[in-house]
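Enquirer: Please put together the full structure from these sequences, using the hints given.
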Amino acid sequence: MALEPEIGLVGRDDITALVESLVERRAKHPLPVIVAFGPGGSGKTSLLDHVRRRYRDAPTAKVDLDKAGSRSCKDILDVAAEQLRSYRHAEFGRMRLPRYDLARLALYTEPADDPHHRARELAAKQMTRLVAVADAAEVVEMLPPAQGLGKVLRPLLLWLIGLAVVAPRPLRWLLGGPRVASALRWFENYVGGELKSGQRPKFDAALVHTWNLNRAGETLEIDRLLVAAFLADITAAYRFRRYRRMNSLLLLDGADLLDGIDSYLPPKRPRPAARATDFLSLLAERRAKEPHVPLLVIATKQSAPALADSAVFKPVRLEPFTLAQTRQFLAEWNRTRNSTVESEALVEELQEVTHGHPLAVRLAIQLVQFVFARDQVLPSVRSVFDERLPVDETTTFQDATVGDYLLLRFFQRIPGTEEMPEREAAREIFARLAAPRVLDRHVIRALLPPSWSAENMRSLLAQLSFVGQEGENFVLHPLLRDLLARRLRDVPADQPFSHANVHRLLKDRYDSLGQREDALYHALALGQVHLVAHRLRPHVDERSDRWIAELAAIAEAPMPPGEGEPEFDEEPRTWWERLRTGTKRNLHRRYDSVVRPETGLLEDAVIATWELRSRSRTVRPTVEMYDQVLRTHQELDGAEERLTAYRATKRALEHNTPASPPVSLPRPSTVGRFPYPRRWPGRNSVRRVTVYLVVVLLVLYGAAFYLQSSTTCLRYGVLEPAELVADLGGARTRLSKMDGVQCVGLSEKPGRFAYGDPATQNNDDAEVEELAKLIAEENDRVAKVKDRSVVTIVVATMLSSSERVKRDLSAGVNELRGAYLAQRDWNQLDGLGRNPLVRLVLANFGGESAHAEVVARQIRDYAERDPSVIAVTGLGQSRETTQSALAVLGPSKERPTGIPMVGSSLSSTNFSQKPYFFRVAPANDRQAQVAARIIERTEALRGRPLHLVRSPGDEYSSDLADGFQDVLKPERHDYDETANAVTTQLGQVVTDICEKAPNPLILYTGRTAEVGGLLTELSHSNCTDPVVFGGDDLTQLETTNFTDLEDIKRFADGRLYFTTFAWTPGREPIPQPTQQFFTTYEAAQKKHARRAFLSGPNGHVLLAYDAVSVVARQTSVGASREDLYERLRTLRDFPGASGRLTFDRTGASGTSGADPADKLVVGQIVKLDNGFLVSRYVSHEGT
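Here the sequence shown is numbered in full-length UniProt numbering, starting from 1 and rising by one per residue.
Treat the hints with caution; some may be incorrect.
[Claimed, not checked] Calculated pairs, DSSO-like style, for lysine-lysine (alpha carbon to alpha carbon, straight line, at most 27 Å):
no.	residue 1	residue 2
1	K289	K196
2	K74	K289
3	K28	K289
4	K749	K1087
5	K749	K786
6	K1167	K1049
7	K289	K202
8	K74	K202
[Unchecked claim] Between beta-carbon pairs, the in silico distance windows are:
no.	residue 1	residue 2	range
9	V785	R1091	20 to 30 Å
10	K125	G756	51 to 61 Å
11	D545	P675	51 to 61 Å
12	E720	H1088	25 to 35 Å
13	S21	L707	53 to 63 Å
14	T401	A552	28 to 38 Å
15	A400	D494	25 to 35 Å
16	R337	R631	36 to 46 Å
17	R1091	P170	44 to 54 Å
No wet-lab data here; the hints were simulated from the structure. Even glycine gets a Cβ: it sits at the ideal position worked out from N, Cα and C.
Expert: This is the structure we're talking about:
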C-alpha cells in the first residue's frame, strides 16, 4: 500500500502519467479500460484512492467489489449511478442518468393484467413534471372539501400520464422535458435495433419485450441493456457541453471477483461454473462499439488478466519498488512525520527484506520507527515482521503479526476448503511450493499431496498475480517465499513435509538432474556447510570469481530450524547432542586445516555469507558481519570488484551514512489536486455574468430610482425602467419636490401635484389629479390619430399649495377645468382637418406662483426639445415671480423668438405690453374703472364712505388698489398677507374703519384667502352696515362653493360684492358662445360627477377656456411660434366664452403683447339662497 494522503503515490509514475493523459476530455478520443494487476499489497486500492483524490473535480464512481454483497451488473451500476448522481461541480454541473433509470425497469418482475398499461405507469414515474401532477392529485384527496374531486381526477391524471409515454415526440418534450423525451427515444431505438431487430416499437411495447426476455432467463441481454444505457447516459451528459472538460471515472476495485476465476485449491472443490455475465467484459464489448464514450474505467485485479494490450484493454502490472523508489518512499515518509530514522543502510536492508513490496515497505518503516522510539535501538527489518500490526492499520485482523497480515494479503483471493480453516490450505501447500527457487512440473507434482492434481495447480498458478512465469516454470514472489520459508521451519520435523524433508527431497532431485546451484541451495538450507564448501572448492582452485556470485545466490537459503536466531532465543540442547555436533565439526575443521586448508577457509566464507544473506535471518546486519565476509573472501583471494557492494554497505553502516535525497515525485503522483481544465466561456459563465450584471443593474436601478424619487415626484413606477432612463437623460418632463408637499415642474403624465401625508391634501388636490387624468386621456387619443398634425400647449398655473388651507389651489382647478374643456371641444368639433389637434402639458408654478421662474426655464428647455410646443397659457396669479417667468419665456438677446403666452386671469397692469404676452382678462385699471361705475349705479353702494384695504407686498393687490385710488380716492388701510398674525392685522383695520364710519364700503383688493377673515372681523365689529367690494380674485370662492364663508354666511348675505370677467349663469340674455360653454360645462359635471367639476362655472374657468381656444384657433398646420404671435397681435372680435377678444392695436412695438380691448367686466353680489351662498349678477360693462 504505497499511498499515504500526505505522501502521494510512489513507484507508480507510469500509470499515473497514463491516467493524467486520459482524464482530460478530448473529443473523438477513445479511452481504454485500464486493468492494474498485482499481488495483494502492491498498491491497487491505493492507486484508485489516489485517482479519486487527485481528480475529485471529475465525476467519479468507485465500486469496491470486495465489500459488495452482489457483483451483478445491476448492483455494480446501481452503486456507480448513485455516486454519479450525487456529483456536483461548479464548472461541470450535475450528472443525470435517465436512460439507466428507464433500463432498470426491465428488471421489473411483478405480473400485471395489462403489461402495456403497467409499463406506461412505471415510465411515467421517471417523467418528473408529470410526477408533480400525480402528487397534486394525492394532495387534493387529502383535502376534506375536495376528496370526491380528487377521487374522480386521480384515475384521469394517471391515464394521461401513461398516455404521455407513448405520445408523439413534441408532446413528450412538453410533458417530460427534453432529457426524459430523449431517454424514451433511446430506449425504443435500442430495443428495436439490438433486441427485436425490427421496427422501432413504442416504449411500452419495448419494455414489455424486455420483461419477456428477463422471464425467459436472457439475463445476458438485460445486462447488456443496462451497460448500454449507462454508457449512453455518460455520452449524452457531454453532448453539446464543451465546458465539461474532464472525463467521467469508473473505478472497480477487485475486478477479478467478476469473472469467476477458480481460486480454490484443487481438487478439494470442483471448479465453479462460469458466470453468465462479466461486467468488465460487457463494458469492453460495448466500448468496442462506442469507443468514444467519455468514461475512463480503471479496474484492479490480483490475478493476472489474460488480456492483450489493445484499444479496449490496457493491462498494467504494478511492479515492486526499486531501490530508488524505496529510498524515495522512506524520504517522503520521514518528511511528513519529521522522523530521523533515515540511512542508506536501512534503505538497502528494506529493499533486501521486503523485495520492494509496497505494503511491506510501509509497514516495515512504520514499525522500525515505532521500535526505535520504544527501545532506542534500531531493529532488524525482518524482525519487525513478528510485531503486531500498527493500530492505525485498517483491517479486521488487528491482532495478527505483520508477517501473517502480509500472507493474508497475498492469499486474499484464495479461500480454504471445507475441511480446513480459511486460507490454511494455502499456507500449508504454498509453504512447500516456496522452498524451491523455481517450480517446474515435476517439483509441483512432488510437493503436492497425492490426491491433488498437478495440472489444476499449474492452472491456478498461472492465474495468480504473485506467481511469475519463466517459460513453463513458475516463480513465486520473493517476499512470499521468505514469509513461507519461516512458516515451513515451524512444521514439526516428524511431518512428511517438514523443512528438512522438503529441502532434502529437492536436493536429491536437483542432484539427480545435475542442477548444481539449486542442489547447493537446498544443501545449505539443510545446514550442510561442508558439502557446499567442498563443491565450491574447484572454482576457488581455478582462481575463478564465479564462486563469489554463486555463493551470494545460494546464501539466501533459509537456515534450518534453530539456526540464525538470536543467541538468547536458542533452545538448550542435551550434553550428548552438543558433544556429537561439536565433535563432528571439530573433526572436519582439523582435517581441512591439515589436508585441505582452502576448504576450511571456504567453509568460513560460506558461513559468514549465509549469516548475512539468509532469508531466515532475524538479526540486524552489523559491521562485524560484513568484516567477516570481507575477511574470508580476501583470504581466498576474492576479486575486489566482486566485493564492492559489501564494502559500500559496510561503510554506510560504519558511518551511518544518510540516504541520498531522492528526486521529487512527478506531478501526477503527488497529492495535489488536479485543476479543472478551464475553458472560456465556462459553464454558465454567460448566465452567471448575466445574473451578476442584472443584479448590479438592479441595484443601480434601485439606487437611481430611490435617489430620483427622493428629489422628484415620479409619474412612473419602479417597473418602468425606460421612463427612468429617459428621466435621467433629461428627455422627460420633471416634477421636483418642493417645500415638503409640492411637486413643481412639468408633467406629461397624470397624477397629483402634491406628495407626502395624505391628511394634508384636500378635495382640490384630488380634482387636480382627476383633471390631469382627463387631459392625459385626451392626449393619448390625439396621439393615436395618425393623419393629423399636433401642437402642444403648456398650461402653467398653481396646481399645489404649501398652505394649510389651500385657497390659492382653486385657481389651478379653475385653470384645468377650462383648459380641458377647450382641448376636448377643439379636438372634437373645431378640428375639422384644417387646423392641428391640441395636446396639453401641465406646468405647476407652486403655491402663490413661488416657483414660476424655475418652471418657466423648464418650459423653455422643453420647448427647445419639442418643436410642437406652440404657446403657454394660464400663467398663474399676478405676482412678481410671474413677471420673472414672462421674461424667461419671452424673447431675449440669445433667443430672438419667444414663446407666445396667453394669460387667463392675470390682471395686473404691470403685465401690459410684455413681450409675447397676451391675456384674456382685462387689466386692473379697467377693472377699477368699471367697478367705480358699478358702485355709482348701485343704490346699495352709492354714497357710502370708501375705505381701501390692500396688501402692499402683493403684486395684484397693490396694482388693483392703485386703480381704485386713481378713480375713487378712498381712505387706504394696509396689512401684510405674509405675516403670521394676518387676522390680528385685519381686526385692527376693521376697528379703524368702523370708528370712522358705521356703514363703510370697503374696497378689498387682497386675495381670497383673507376675505373670510375680513368678513369675520366685520361681523364682530361696531360697524352696523358694512359692505365689501372685492376684485376678480374672489371668483375662487365660487370654485369651492363659498365653503370659506360657511361660518358667516348670514352676515355675508348681501354684504359681499366682487368683479369677474365673464358672464354668470342665470343672467338673460347670454351670448351664444357663453351659453354653449355653459351647456358643455353642465354635461361635463354630469359625466364626471364626484370626481371633477365639483362646482359651477365661474369667470376664471371661462377665461382659461378662452385662453386655450384662442391659441388653438389661431394655429394652422405647420405654423411656428412666430406665426402664432403675429396672428394673436392682429386678432379681432374672437367670440370667446368670456366675451369678445380683440388684441389688435395700432402702434404696438415689434415684440409686445396686448390686453383685450373693451373686455367684459361683470359685478356680482353674494346672496343666501335656500341656505347656500351663491353669486348673482349686478351689472357689467364691455362685450
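Enquirer: Taking the hints in turn, state whether each one holds.
Expert: These are the hints, each one checked on the structure:
1. For the given pair, K289 sits about 18 Å from K196 by alpha-carbon distance, which is consistent with the 27 Å threshold.
2. The straight-line distance between the Cα atoms of K74 and K289 is roughly 21 Å, inside the 27 Å bound, and the hint therefore holds.
3. For the hint linking K28 to K289, the alpha-carbon distance of about 13 Å falls within 27 Å, and the restraint holds.
4. Under the criterion of a C-alpha separation no larger than 27 Å, the hint pairing K749 with K1087 is consistent with the structure, at around 22 Å.
5. At roughly 21 Å between alpha-carbon atoms, K749 and K786 fall within 27 Å of each other, so this suggested pair holds.
6. For the given pair, K1167 sits about 9 Å from K1049 by alpha-carbon distance, which is consistent with the 27 Å threshold.
7. About 25 Å separates the Cα atoms of K289 and K202, which keeps this hinted pair within 27 Å; it holds.
8. Of the pairs offered as hints, the one joining K74 and K202 holds, with about 24 Å between alpha carbons and a cut-off of 27 Å not exceeded.
9. In this structure, V785 and R1091 meet the distance hint of 20 to 30 Å, their C-beta atoms being roughly 26 Å apart.
10. The beta-carbon spacing between K125 and G756, approximately 60 Å, falls within the hinted interval of 51 to 61 Å.
11. In this structure, D545 and P675 meet the distance hint of 51 to 61 Å, their C-beta atoms being roughly 56 Å apart.
12. Taking 25 to 35 Å as the suggested C-beta distance range, the pair E720 and H1088 conforms, at roughly 27 Å.
13. Between S21 and L707 the beta carbons are some 58 Å apart, a value that agrees with the proposed interval 53 to 63 Å.
14. Separation of T401 from A552 is about 29 Å and conforms to the stated range, judged on CB atoms against 28 to 38 Å.
15. Under the hint 25 to 35 Å, the C-beta atoms of A400 and D494, about 28 Å apart, fit the expected range.
16. Look at R337 against R631: about 39 Å separates their beta carbons, and that is inside 36 to 46 Å.
17. Separated by about 53 Å at the C-beta atoms, R1091 and P170 satisfy the suggested range of 44 to 54 Å.
Consistency with the previously given hints is maintained throughout, with no hint failing.
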